[in-house]
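Novice: Listed below, chain by chain, are the residues.
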Amino acid sequence: MLSFSLLALADDHAATAASLAIPAAIDAPDLRWAGLIIGLPALSALLCLLCGALKLRSKLPALITIIALLGSFVLTCMLFSQVGEGTPRVVGLFEWMSFSWGTGDRFQSFAAPFALYIDALTLFWMLFVTGLGSLIAIYASEYMESDVGKGYTRFFGGVSIFLAAMATLVMASNLVVLYLGWEGVGLASYLLIGYYYAKPSAVAAAKKAFIMNRIGDLGLALGIGLIWVNYDTVDYATLFRVLEAGPLATQGDWMPSAIPFLLMLGAFGKSAQLPLFTWLPDAMEGPTPVSALIHAATMVTAGVYLIARTYPLFELHPDALATVAWVGGLTAFVAATIGMAQYDMKRVWAYSTISQLGYMFLGLGVGSTFGAGYHVFTHAFFKALLFLTAGAVMHGFAGQIDIRKLSGLRRVPGFKLVSWLALLGCLWLSALPFSAAFFSKDTILTTALGSERSDFQFLGWLGLFTAFLTAYYTFRVWFRAFAGPVQFEAGDDHHDDDHAHDSHATASHAHAKSEFHPHGPRLGIRIPLIVIALGVVAAGWPGYDALFFHGENWVQSMMMHSSAMQGAGEVHGREIFGLSAHRMTSIVGTSACLLGIAIAYWTHLRDRSAADRARAALRGFFLTRWIPATLENRWYVDEIYHALFRLPLWVASHILHFFDKTFVDGFLVDGTGRVPVAVARLFQPLYNGVLQGYAATMAGGFVLIAGWVFWIWLRGNG
Amino acid sequence: MDQSAPSDLLSSSTVMLGLVALASAGLVLLMRPGARSLRLAGSVLGLAGVAGLFVEVLKLASGGGGIPPILPVLFGVTAIAGAARVMTHPRPVFAAVYFILVVVASAGLFLLLGADFMAFALIIVYAGAILVTYMFVLMLAQQSPVEGDATANWYDRVPREAVSCVIIGFVMVATLAQVLFNPNEEARRVASSVQGEAQTQAQLWETLAGMPKQLKVITRERLQLAKDAPVQFVAGERSALIQIEGDTRFVVATVDGKDHRVMLTNTDLPVNAQVVGATLVNDFPASIEVAGVILTMALFGAVVLARKQVELGEDERRELAGLSRLSVEPDSGASR
Amino acid sequence: MEGTLAYFLIVLPIAFAAIVGFSPAPMAKWIGTIGAFATLAVALLFAWTFPHWTDGLYAPDIDAANWFPAMGVSIALGADSVALLLILMTAFLMPLILIGSFTSITERPKDFFFWFMLLEASMLGAFLARDAVIFFVSYEFTMIPMFFLIANWGGAQRRQAAVKYVLYSFGGGILTLVGLLYIAMKMHAALGSWDFGIASMTAFCSTEMLASEQVWVFILLMAGFAVKIPLVPFHTWLPLVHDQAPTGGSVILAGTLLKLGTFGEFRIAMPMAPIGAVEWNGVLCVLCLIGIVAAALICWVQHDAKKLVAYSSVTHIAFCMLGMFSLNSIGVTGSVMYMISHGLSTGALFLCIGMIYERYHTKDMDELGGLYRTMPIWSFFMVFFTLASLGLPGLNGFVGEFYCLVGAFTAEDTAMTGYPGLMGPWYAIIAGLGLIAAAMYLLMLVGRLVWGPLREPGHHDAHHAHGHAHGQAHAQARDHAHDHAHGAHATTNDRATTLSRDIGAREIGILVPIAILCLVLGLYPEPMLKAIEPSVKNMLAPYPALVERYLKAGTLLESGSEAPPMASASQP
Amino acid sequence: MTSMMTSMMTSTMTSTMTSMMTSTLAQYDASAVDAALLTSALLFGIGLIGFLSRRNMIVMFLCTELMFQGAALAMIAFGRVHGNADGQTFVIFILTIAAAEAALALGLVVLLYRRRETLDSEAWSELKEC
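Going down the list, the protein sequences come from chains A, B, C and D. For the first sequence, position 381 matches number 554 in the numbering used here, and the numbering has no gaps at all. For the second sequence, position 331 matches number 384 in the numbering used here, and the numbering has no gaps at all. For the third sequence, position 14 matches number 25 in the numbering used here, and the numbering has no gaps at all. For the fourth sequence, position 119 matches number 123 in the numbering used here, and the numbering has no gaps at all.
Bound conformation, chain A alone (with noise of 0.2 Å):
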């Protein structure tokens, strides 16, 4: 019960920050350095280039991008000390896309300079998007090794790219260069998904993802259009001056509503929310690393943050918020449910990134971006240590990670330390009571139900429900692979990577499955797995300050001080059903948790048939028949994509192609071309050679002329 109590104290000092303005940046020359920290990753990628060209059969790429990594993670800590949660800062670069025309009152300019902003919400993005890409470069340093000479500089040449890119993404001083990192990451994450280019399941995966973030991409490019047509600017800095001034005289009716709109059709792609989330699951070709890095831990929360960053334009449209809100509340749900029935390790925890990433979410909507900050915050940490843990039984079991394949790795010799962090993951992300997790969806959960809006109410609910399921689906994944008896089999791919002799492997390899004996993994990939075991613990740290020694939430005062101000106060809600929304949540949320352990525990771990009849059971009665059937098809989205887009569109352009191709090309051109043959064929018969054939056309002629001539002439005078 202590802990119940202590809940409540902390919602007393409400600091009131709504009505507090974003600081105005200012000019900061002097830090010209932080553009180091896009550039040494940038360096690295050409460097890696340049391995690749030499053709290098060593693993200095990985060298190369960690310390590059390194490096820009120590830059990001100097520039938080320096600027920690202070004024932001402007730092100019170079002069990228600038115009400006018209005179007098038409005078219009665009400016996009290559330009760094800085201020807490970056430094918060960035010292966890560095620190996690370093650690994980070290991991993949050795999960890669097999691929040394094949594919290593391209692995590491892409995550080169993709730390430039995310730093550019998340640095930059105006939408336009958010917008060229936000495609760069997109490029990063179609060269990493396609690593295994010879799959080609691989190739599609890559192919996929980059379209739908392009679809992403599109509507965020309008957005930045609308901006700089309604407030003549792109930069953040001069944008919160602009809207700090009052909503502009709106003089196009539907436009700068519009925005917020737009920006989160952006963000939805980005970050595989609801309309475009079909491509993340796919993204599990990738590599491992890549899985953790992008698809877990950094790229999929640029969503988040662009939201964080452009929070004062999300006032300009009423329910701007509530449809973010609705979007991740109900992503959460769908994807939770699609985890529960997937068989692929990495494909669960990619439904579950979706998942959380659809908490995240709710929380801006429902205007925490303190509990959304929080939660990308710890995600990122445990999402990765369960992600590199996968890794690591793909890396030691030749690419086997069927769950109902592995049981009871925790007996495997080499694998004892891999199972209890997957442990300590699995705890964190169905948010154990006082795990860093619990904290920040608690805040979010209970901004939403304790919100005055009945709707945001019910998403409350449904994110609780959803916590029960995200508890249900982890530990069934925990219990079923690493508890239970010790049985496996192997994977079908000698060794996950380059399969240039797949057919000769499988053959070769049938013979060898029985004496198959998994190798743990070494010191390149334990380490990172303890380092970011204690991140994941030490996520938690704000979260406990905050609680027991009533310090400021680190998190809370970040995002106080950056443009997301205005949701990160502290939340206070109303009563429900006599208790404080704080110890609700608290409570519901325990208990949810811990059932979905308990369920877990007894269907996957004490009687493992139990899942298998109760889904037997489901599928012999007619009514509840689609329930099993559409979550392992995943609601068959891809099949309703597919349906709706890909097919009209493929049969569009047949037509198309072949209107073209007959029509335009065919009748119109090459017809006009056999219109004179065709006249000349009509006057053909007469020449037939037969002498009064000619005497005829000759008399006929003349006489008709004479005809005329006459009859004009009788007419005349006649």
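These are computed hints drawn from the structure, not numbers from a lab. Quick reminder that beta carbons are idealized off the backbone N, C-alpha and C, glycines included. Please note that the accuracy of each hint is not assured.
Said to hold, decoys possible - Computed from the model, here is a short list of chain A residues facing chain D with C-beta under 8 Å:
1) A371
2) Y860
3) L864
4) Q865
Here the structure of chain A is known, so what remains is to put chains B, C and D in place on it, guided by the hints.
Specialist: Okay, now just chains B, C and D, sitting in the frame of chain A:
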């Protein structure tokens, strides 16, 4: 003849058109190698059309009243009928003979028009010479018809696209008819003929004046002199032989030192042949030469064309060229 | 000084063409390349000494020798910053193309280089022309070398393609000539003297010509350029010609000849008939949109790589023209920028596909695949240039594309934008769909050619039947006429062309400069934008007033012959 | 038989003609002129139709003769209208042309007949554009 009212102008031209159409239809029936009765009907139709045309035209000429003179119609119709037969007759020889009929009929018309010399020249040259050549070539080129098969060979019986040719002909004839036989045209012709008559009168006297020999013959006859008696004329003031006083014309001839005034009357005027000869020589001297050249050219052409292709062997050619014959046979020698 | 340089720019290629003509065959390719490099050097010198980089004027502006004084036709050459940029691009691409076709051109190399040199001379002539007749002559003359290039060294149906190309653009060109002559005739009637100078014609047209006349004169002038650009309904010749043209021909066609159309539009059609441009703006914008979306979808279903890239250049050029028709500075600057970047990226794409064609004698995507395994360096460049033409920010495609999009976006009737226009956000949204479609078909191209399992034509049976097939292939290659060898798929990817599996130093040498230029233009486009801006503003002088009048009155064609529109140069 | 017919015709002709001789200048007879003109038109028309439709080469030339005849008749008629003898002199030239033409044409016909053993004009159609 006054300007006839437009209404009947319209009517006469439509009638004429109708008649020409009738004639053409008849001709078509005649041309096609159909049943004999059909071709008879065609000829009847054609003749009716032509006759109607003549009546219409001559009615126009005689100012609408009176019966048209027989002779022109007679000659015209026979000429047209003959021409139709020339064209439609399957046997070329008969066609040639019918052509002679056409020539004679048109000679008749010549006479009616006062061109008697030309009438006979036409018969002599055309019927006599040209048609005879045709007959000759026909005989030459005609395969002898197979016994019993009296019909002409195929290409003579079946004309080419009879209908379209007749249409062409019809359009032309209708146009000519319209042009020639409308009242204004008739009036103009009559007007110029009146003026022409007066002119002819003066022209005849001039031609006579230009014929001293004729005058000598007249004077010898008037003065009952011997055929070869020498006669001298005394020129009038403009050195013209014929002198005019009032409306009488006379010529002064000195015979054996005495002047006699010989009166000339209309009967002394030159006859048509003489007038034609005079105009031919006075007005068209160059044309005669050209005509002569054309005829000689035709002569050479005919000779060259009709040359018999004689294939000369090697020896004949050498011989013609005057070279000795090369030969290896011992006995061939110069015996050839 | 620049005066002589301008002449030198045209005379030099012709001189080298002559030298190539008389030089021995093996020497031909070296002389040709030297000629191309010499022209590039002269072009760079001309650019270096160009005084009007930032004020949009012309240099050299001296009225040169009269060609037909009676007809007012004078050889007046001069280039402003836009023309000079296009000249630099042409001169930059030409040596790369010639080096690129060293190995692919084995038949009659002398003719090939001879024609290429003439083609370069005529293109530079068109860009440098300050006299309508000079422009038209060189604009039409480009067809002759292109005809021979396609007809002699092209694919299977190269002759039909060549004839179709010439007839089609010749037909269009005639209409342009009619337009030009009409203007000249009106000038003669008004001023009493013949004058074909582009400056004087533009001045005369936009001030003295009646609105009703300008409307259809614009259409006449646009006809020729619409075929050359190509705008959608007239684009059907492009895929056919690209499919049949040799690699060098395709690159120069995509690189510069399409730009002749857009440059003609920029230099001749828009300034000479501003009212026509405004009246027809609605139709042309819709055509561009159709072009963007339709051609993109057609690209998606192509099987032949070259045809895919050809249709993709139809989409890109439609995008570029959308910027041009937005009638505001940012749009037109974007479209000029786009011309240059399209020339580079699509030209490079054609070079890459050409390299594949040299090795495998097929361009069909169904027969080729997963070439990354055997040709990693080539794959790098292929992916790089695909991303460039995809419009990835940071590479050259993005800047032009973004400016065109913003131009179309802001061309609206609201007072907010600097330039009122006839388009609006919806146009930008639909053009944006083109962006997505571009991602789809270009990634499909790269997905099939570069990534995926290795597929080579006839690769599998080659191993077993290698022995006898090899001999037979050689015999076949030697004695058969050029066509047969060209048309038929080589049973094995014959090593006759002694080309290394991956691209060699020569080929890398021609791709690296383009790649560097793409990167530089992407990351630091500032100097080029500052160069294009002034001449674009000079061209757009009469447009804001006209557009505003058009928006107010709904049409510029007042009833009856109203006073000719005043070229109210309200603002640059 | 033909010679008998011609002699009969000429005898009737001379009797009518002598009655005419007395009035050297026959009174202008409009109907005669019109009849002649109509006949000449019809003759020319029939000649043209014949030339166009008959396949036999010799008959074609006969039809040209018919056309000559039509022309000559018109000449005489208009000569009579204008009262001078030019018409008649010109008919003389028509006769010379007709004679020359007949001679040459028939020579050609003989040649053609000897080459193709037929008088059909369709035999000679090599110049056709196939």
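Novice: Now, for every hint given, state plainly whether the structure supports it.
Specialist: Going through the hints against the structure:
At about 64 Å, the closest approach between the beta carbon of A371 (chain A) and any beta carbon in chain D exceeds 8 Å, and the interface hint on this residue is violated. With a cut of 8 Å, the hint placing Y860 (chain A) at the interface with chain D holds, because the nearest CB-to-CB distance is about 4 Å. The restraint placing L864 (chain A) at the interface with chain D holds, with a minimum CB-CB distance near 5 Å, inside the 8 Å limit. Nearest Cβ of chain D to the Cβ of Q865 (chain A): about 6 Å, under the 8 Å cut. The hint holds.
Hint 1 from the list above is the single one not met by this structure.
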